[in-house]
Amino acid sequence: MPADSDSPASWSRPHVLGLQELSATEITCILDRAAEFKQLSTEGETRLSILKGITVGNLFFEPSTRTKTSFSLAAKRLGADTVDFAAAGSSLSKGETFIDTARNIEAMGVSTMVVRHSTSGAPHVLSRNLRASVINAGDGTHEHPTQGLLDLFTIRQHRGSLEGLTVALVGDILHSRVARSNIWGLKKLGARVIVCGPATLIPPRVEAMGVEISDDLDAILPELDCINLLRIQAERQRSAFFPSIYEYAHFFGMNGDRVRRGKDDLLILAPGPINRGVELTPDVADGPNSVILDQVTNGLFVRMACLALTHEAATRGKGGPA
Amino acid sequence: MSSLLLKNGRVIDPARQLDAVTDVLILDGRIAEVGTYAGHADEVLDCTRQIVCPGLIDTHVGIRDPGFEEDETTATATAAALAGGFTSIGAMPDTHPPVDNAAAAEYVVLQAARARQCRVYPLGAVTRDHAGQELADLGQLARSGAVAFTDAKTPIASAEIMRRALEYSRMFRCPVFSHPQDPTLTAGGVMHEGLHSTLLGLRGMPAAAEAILVGRDIALAELTGGRVHLMCISTRHAVEQIRRARQAGLRVTADVTPHHLTLTDESLSSYSSQYKVDPPLRSAEHIEALIAGLQDGTIDAISADHQPFAAEKKDRELDQVPFGIVGLETLLPICIRALVEPGHLTWLQFIARLTTGPARILGIERGTLAPGAEADVTIIHPDHAWTIDPSRFRSRSRNTPFGGWQVRGRAQTVLVGGEIRYRAS
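Those sequence lines, one after another, are chains A and B.
Residues in the first sequence are numbered consecutively from 61, following my numbering.
Residues in the second sequence are numbered consecutively from 12, following my numbering.
Treat the hints as calculated values from the structure; they're not laboratory data.
Watch out, some of these pointers could steer you wrong.
Below, computed lysine to any residue pairings styled on SDA-like, alpha-carbon distance capped at 25 Å [unchecked claim]:
(1) 248(A) with 220(A)
(2) 248(A) with 280(B)
(3) 324(B) with 122(A)
Since the model is a prediction, treat every value here as computed from it, not as a measurement.
The task is simple: from the sequences and hints, build the whole structure.
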């Protein structure tokens with residue numbers, strides 16, 4: 061059974077912390093493994109035993125619904141037990157540091173930690189303080205690697221390859237961890253990337269990441285193969301980045317008219333949760349160009365791939381079965 | 012009459028532009044003579060191949076006593092100062108309660124006397140409770156020993172309050188120390204705003220936040236005739252502004268820290284809280300400008316900006332940990348590596364930034380080996396190679412990014428008022 065076989069030699073990391081540090085080969089390795097899991101699933105093979113006997117901890121120091129559910133399901137599909145941790149009402153509220161909290165959970169026999177945290181870099185700090193594998197499920201405004209990977213997977217599924225595609229990331233680039241993971245992943249796999257949004261939401265020196273910058277969605281629209289509509293994160297904004305939601309939607313919202321002016325096969329992605337009527341109108345969200353629900357489905361397989369590969373690498377590293 | 016002879020050292024006294032191998036004779040705690048001495052002395056210290064210079068002075072040190080003794084006490088801060096070669100330090104007023112009244116300043120003086128290590132000069136708060144609303148009792152603070160006023164790491168946001176502080180403090184001939192970072196631009200920031208803040212997803216603090224307050228403070232120095240001291244300058248623009256102000260004859264001084272001379276914002280890539288400082292570590296172009304400012308005297312002094320924090324306070328999420336590192340015990344070798352070894356500063360210039368510069372800023376009669384001066388002397392072994400080991404710090408805190416660095420040069424012997432208060436083990 062292909063999915064139960066050894067992982068390719070191109071993957072040797074015990075952690076998935078971000079797409080910045082991964083090579084194109086490593087990213088492809090994850091996507092290929094995810095494709096194997098997806099194939100098995102369509103063949104009805106939904107219960108695997110790769111993680112049998114291990115426990116995956118979901119450490120969500122910040123609330124999440126879809127990512128947490130997706131990781132839990134991915135772990136269970138691989139045969140693992142899961143244990144959930146949520147910050148609200150936990151010992152964190154009694155003053156314990158997040159490192160101590162994680163160490164305690166590790167001490168209960170958890171060997172893979174899926175970590176979501178509102179502070180950028182928190183999973184990196186944990187990876188240095190734990191023996192467990194750490195998978196970043198979103199850290200502050202830094203990276204959200206599995207979301208980036210599922211976006212890549214979804215585009216690849218519909219286009220076969222990312223090489224030479226033009227992809228726009230539209231919206232709040234400044235506060236978006238999804239944007240950073242997307243930029244690294246898309247660039248490494250050969251896509252042209254344009255970040256587009258109000259000037260106040262474009263991070264300083266972002267062009268050094270190899271992207272182009274635009275503040276005119278209508279001007280770039282005809283060139284795009286894919287558009288990824290990032291959520292406007294009102295909760296992250298400490299001051300006025302744009303005058304009103306109405307004005308934002310007017311300049312940067314995706315509506316039926318804009319879809320018609322784009323390429324016929326324009327792919328529309330959104331990491332969600334989406335604000336209907338802001339980043340995109342309902343007819344676009346539910347229309348034929350939208351692959352938003354494909355993204356959610358694919359997230360499961362990408363996360364299974366990350367869990368399996370890191371577990372296998374960590375086991376090899378400890379002298380376990382090769 | 013007790014006498015102590017420092018024999019055959021390289022005597023560097025920037026106050027008198029002296030750099031020569033010779034002897035220093037100390038009689039009853041004061042410098043008696045600098046020059047070849049063949050007479051008798053009760054005690055002789057052989058200083059061959061060592062540097063004999065005035066005791067080093069740091070203009071602003073976080074002592075954190077009272078209120079935060081888990082970080083540092085007067086005893087541990089002054090012990091750390093001696094181990095770093097410092098004989099005088101200015102004590103930041105950001106304690107709990109803050110040093111915004113006469114009794115609080117007297118407490119600092121009393122604790123320093125009890126510790127009996129280096130000299131401690133209290134800095135008084137500019138505003139009551141550092142709240143930036145109303146002036147603290149500046150006159151009574153000065154009468155109780157305060158040599159300067161500052162709200163420490165809290166920028167004085169109101170130009171009106173800063174103006175009145177500069178005008179009022181003129182009566183006591185005390186400078187106002189400013190932390191020049193516009194708080195509306197740095198709110199929530201963790202690091203320098205630039206490429207690396209974008210890559211790391213950490214909220215940035217733009218260099219412009221410094222330029223804006225430096226510009227304002229220079230304008231207010233001109234308006235009021237008061238003395239402004241700009242702490243921890245970190246940007247190219249600030250250096251240029253200060254240079255122009257000095258050329259215009261304004262009473263503006265400035266200092267830099269060793270970490271802003273050696274580390275860049277790229278260090279934050281490790282997400283280690285040991286690199287979280289305020290102002291933030293900048294990019295390489297700024298370091299170049301800071302060194303040029305030290306070379307031409309635009310920047311008068313180097314300060315460790317010693318900010319001790321107990322391990323549990325630094326062992327948290329990056330956006331929750333306090334800003335700052337300990338620096339008293341690492342300043343000398345880090346600066347030798349950054350400034351003297353590459354030839355940016357001569358030893359004479361370097362020692363000036365640690366003696367005459369800070370003495371002038373604080374307005375204290377220290378920082379010289381002139382005959383008659385109290386014998387505050389630091390003897391430095393410039394070639395001593397060692398590895399920085401935070402577990403051996405005298406400071407109660409160990410928050411430093413320099414642990415493990417292979418360095419050269421350290422204070423070997425330190426005298427305060429002619430008395431040997433520290434010898435390296």
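Hint-by-hint comparison with the structure:
1. Between residue 248(A) and residue 220(A) the alpha-carbon distance is near 16 Å, which keeps this suggested pair within the 25 Å criterion.
2. Only pairs whose Cα atoms come within 25 Å are accepted, and residue 248(A) paired with residue 280(B) is accepted, the gap being roughly 20 Å.
3. This hinted pair checks out: residue 324(B) and residue 122(A) have alpha carbons roughly 21 Å apart, not beyond 25 Å.
In this structure, none of the earlier numbered hints is contradicted; all agree with it.
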